[in-house]
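So the sequence lines, in the order shown, correspond to chains A and B.
Quick note on this note's numbering: the first sequence kicks off at 56 and runs consecutively.
Quick note on this note's numbering: the second sequence kicks off at 386 and runs consecutively.
No lab work stands behind these hints, which were simulated from the structure alone.
Hints may contain errors.
Said to hold, decoys possible - Sample of chain B residues with no beta-carbon within 12 Å of chain A, all distances over it, derived:
1. 449
2. 475
3. 479
4. 484
5. 528
6. 531
7. 559
8. 596
9. 642
10. 659
11. 715
12. 727
13. 777
14. 781
Said to hold, decoys possible - Sample of chain B residues lacking proximity to chain A, with all beta carbon distances greater than 12 Å (derived):
15. 425
16. 431
17. 529
18. 598
19. 652
20. 673
21. 681
22. 703
23. 707
24. 760
Stated by the list, open to error - So the derived label-pair ranges between C-beta atoms look like this:
25. 71/A - 424/B: 54 to 60 Å
26. 76/A - 484/B: 35 to 41 Å
27. 765/B - 204/A: 31 to 37 Å
28. 781/B - 152/A: 29 to 35 Å
For every residue, glycine included, the Cβ atom is placed at its ideal position computed from N, Cα and C.
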Amino acid sequence: MKAPVAILLAALATTIVLAQQPPQRFGIGRPATDAEIKAEDIDIGPDGAGLPAGKGSAAEGATVYAAKCAQCHGKTGKEGPNDVLVGRGAFPSGADTTSRRTIGNYWPYATTVFDYIRRAMPSPAPGTLKDDEVYALAAFLLAENEIIPRDAVLDAATLRKVVMPARDKFVADSRNEKRKKQ
Amino acid sequence: MALQSAAMKKISRRAVLATAAGAVAFGGKMRAQEPAGLNPAKRPGRAPRAVGERSTFEKAQRQVRGPTSSGTPHQDLMGTITPSELHFERHHGGVPDVDPKTYSLLIHGMVERPMVFTLADLKRFPSVSRICFLECSGNLNRTAGPETTPQQLAGLTSQSEWTGVALGTLLREAGARPQAKWFLAEGQDAAMLTRSIPIDKAFDDALLAYGQNGEAIRPEQGYPVRLLLPGWEGNANVKWLRRIELSDRPFMTREETSKYTDPLANGTARMFSFIMDARSLITYPTYPVSVGKGWIEIGGIAWSGNGKITRVDVSTDEGKTWTAARLQEPVLSKAHTRFRHLFNWTGAETVIMSRAADESGYVQPTRAEVIKFRGLGTTGYHLNPITGWRIKTDGSVVYREEAWA
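Could you build all of it, start to finish, from the sequences and the hints given here?
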């Protein structure tokens with residue numbers, strides 16, 4: 056019996072692989088279609104990438120705001136009870152204990168206003184606003200924050216050019232770089 | 386506040402019951418003299434059941450803090466794994482019900498092959514399990530008064546064993562392009578929450594998790610699939626994940642600009658501060674328990690998003706002297722680590738404190754050190770100060786209050 060066992064062991068030894076190397080690809084999943092991607096790719100980049108067709112004025116935005124936003128954010132965007140949206144106090148850094156964070160003094164990109172309103176607002180019915188309404192609301196909120204003129208109309212070309220007051224106030228996280236130096 | 390006081394009443398009643406039970410044990414009847422109706426050995430037990438439940442005597446529960454979060458009852462837990470039903474919650478648009486049969490994940494952007502994966506597809510890929518903590522970056526109650534439990538102070542950290550597919554595996558499947566430096570993760574909750582994540586994390590230790598503590602992850606934790614970024618702030622671990630888009634720059638979403646940024650004392654604000662720094666939390670003895678003179682095992686948890694906890698020091702004299710606590714092995718990277726320290730209490734009033742250190746060399750700061758860098762006007766994100774608990778002469782224990790404004 057010894058010989059066959061030895062042969063079997065030898066055969067096994069030649070086929071044992073100590074660590075498997077995974078394949079680069081598994082062939083699982085299916086290709087996404089262009090239509091699927093177009094339907095789901097709703098994000099707006101800080102450079103304006105993804106901004107849709109359409110436009111809206113601050114005046115139109117005031118009407119939408121009164122109907123769909125004021126109940127949570129207050130008549131002028133300052134009263135709450137939810138996030139305060141309007142106000143141009145000093146940049147609310149850690150050194151400032153009085154200034155409240157608003158779109159006007161803390162949001163670094165105007166494109167984020169469009170992206171967030173379109174995807175998540177109004178909170179009782181998120182994602183139901185038309186693109187024109189979102190442009191109008193962005194125009195209204197930026198005008199109330201004295202960042203664009205009250206008669207401004209926003210569309211993809213104009214929104215991407217808006218420079219926010221807080222744009223250069225943010226710094227990268229340097230905590231781990233500091234640790235490496237220690 | 387009404388919710389908090391309701392929770393406190395429950396805790397107080399439980400403490401009273403525990404005291405009453407102790408009195409019976411010391412001065413009451415012998416075990417064999419218990420009435421037959423109370424003696425489980427004198428009647429047949431319950432039949433098997435398809436899904437078990439904890440003992441009806443156990444009442445630990447999350448503390449619901451309004452519509453968007455609930456906290457883990459650290460004072461009631463043992464070991465390091467948080468029962469899934471007690472894992473903290475934080476959401477921005479409520480908890481959605483996602484059907485696993487129709488679930489799919491889209492990966493696109495700077496990839497060679499935009500792909501769609503069903504849940505079954507994701508489970509066919511090689512799987513990975515790891516234990517790690519998950520902590521909301523806003524996990525310090527800065528207005529806590531003396532009558533504050535560990536749950537109320539810092540209930541927004543929990544720990545699970547997570548199982549899923551390495552995100553790197555999926556990005557190789559889709560063919561991430563070299564110029565892709567960031568990816569956007571998007572949820573399918575009412576907020577369609579989005580965060581931009583550096584792509585290096587995807588190829589380091591990021592998971593798409595579908596398992597939590599041996600079963601499917603709970604709806605509150607992102608059922609059926611969530612992004613898991615070990616050691617990084619909870620908000621970036623996008624739940625109910627529906628889409629990943631690769632890009633050469635961050636997307637500057639609302640969460641990573643107007644919300645999860647950290648104003649600093651120097652007039653700026655820190656952005657993309659993902660790592661949760663080392664921290665420790667004493668969980669016993671803490672409010673609302675009372676202690677007697679003699680030996681007390683001080684215990685708690687310590688954790689770091691920068692790797693393993695290497696040391697936890699405990700002070701029983703309000704920070705004048707410190708002694709290294711015992712760490713429960715195994716100590717895992719980016720994981721809650723239990724520490725224990727024996728204290729022979731003489732009955733004199735004192736404050737007990739804990740201080741964690743991690744393998745990066747970082748030592749948990751004091752409140753004064755945090756404020757020096759962040760400023761009193763900062764937000765509640767990434768605050769990890771040393772905290773303390775005062776033992777009064779009557780044995781009652783309260784949180785040592787600290788002013789943050």
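Against the structure, the hints come out as follows:
1. With a minimum CB-CB distance of about 19 Å to chain A, residue 449/B clears the 12 Å threshold, and the non-interface call stands.
2. Residue placement check: residue 475/B keeps its beta carbon more than 12 Å from all beta carbons of chain A (closest about 16 Å).
3. Not every CB of chain A lies more than 12 Å from the CB of residue 479/B, the least distance being 9 Å, so the non-interface label is violated.
4. Residue placement check: residue 484/B keeps its beta carbon more than 12 Å from all beta carbons of chain A (closest about 17 Å).
5. No Cβ of chain A approaches the Cβ of residue 528/B within 12 Å, the least distance being about 14 Å, so the stated non-interface status holds.
6. No beta-carbon of chain A is positioned within 12 Å of the beta-carbon of residue 531/B; the least distance is around 24 Å.
7. Chain A draws residue 559/B into its interface by the beta-carbon criterion, the shortest separation being 8 Å against a cut-off of 12 Å.
8. Even its closest Cβ contact with chain A, about 18 Å, leaves residue 596/B beyond 12 Å, as expected for a residue assigned away from the interface.
9. Here residue 642/B does not stay apart from chain A, with its beta-carbon only about 5 Å from theirs, under the 12 Å limit.
10. With a closest Cβ-Cβ approach of about 7 Å to chain A, residue 659/B is found to fall inside the 12 Å limit, against its non-interface label.
11. Residue 715/B, annotated as away from the interface, keeps every beta carbon of chain A farther than 12 Å; the closest lies near 23 Å.
12. Against the 12 Å criterion, residue 727/B stays outside the reach of chain A, whose nearest CB is about 32 Å from its own CB.
13. Once the 12 Å rule is applied to beta carbons, residue 777/B is consistent with being away from chain A; the minimum gap is 32 Å.
14. No beta-carbon of chain A is positioned within 12 Å of the beta-carbon of residue 781/B; the least distance is around 33 Å.
15. Every CB of chain A lies more than 12 Å from the CB of residue 425/B, the least distance being 50 Å, so the non-interface label holds.
16. Here residue 431/B stays apart from chain A, with its beta-carbon at least about 44 Å from theirs, past the 12 Å limit.
17. Distance to chain A confirms residue 529/B as a non-interface residue, since its nearest Cβ pair spans about 19 Å, more than 12 Å.
18. Separation of residue 598/B from chain A is adequate, the least Cβ-Cβ distance of about 26 Å exceeding the 12 Å criterion.
19. For residue 652/B, the requirement that its beta carbon stay farther than 12 Å from each beta carbon of chain A is not met, with the minimum near 5 Å.
20. Listed as outside the interface, residue 673/B is consistent with that label: its C-beta sits roughly 31 Å from the nearest C-beta of chain A, beyond the 12 Å cut-off.
21. The non-interface label for residue 681/B is consistent with chain A: the shortest C-beta to C-beta separation is roughly 35 Å, beyond 12 Å.
22. The beta carbon of residue 703/B is kept farther than 12 Å from every beta carbon of chain A, the shortest such distance being approximately 27 Å.
23. Residue-level check passed: residue 707/B sits 21 Å from the nearest beta carbon of chain A, beyond 12 Å.
24. Non-interface call for residue 760/B relative to chain A: violated, since the shortest CB-CB distance, roughly 2 Å, does not exceed 12 Å.
25. Between residue 71/A and residue 424/B the CB atoms are about 58 Å apart, so this pair conforms to the stated range of 54 to 60 Å.
26. At about 36 Å, the beta-carbon gap between residue 76/A and residue 484/B stays in the expected band of 35 to 41 Å.
27. Range check, residue 765/B to residue 204/A: about 36 Å between beta-carbon atoms, so the 31 to 37 Å window is met.
28. A hinted range of 29 to 35 Å holds for the C-beta pair residue 781/B and residue 152/A, which are about 33 Å apart.
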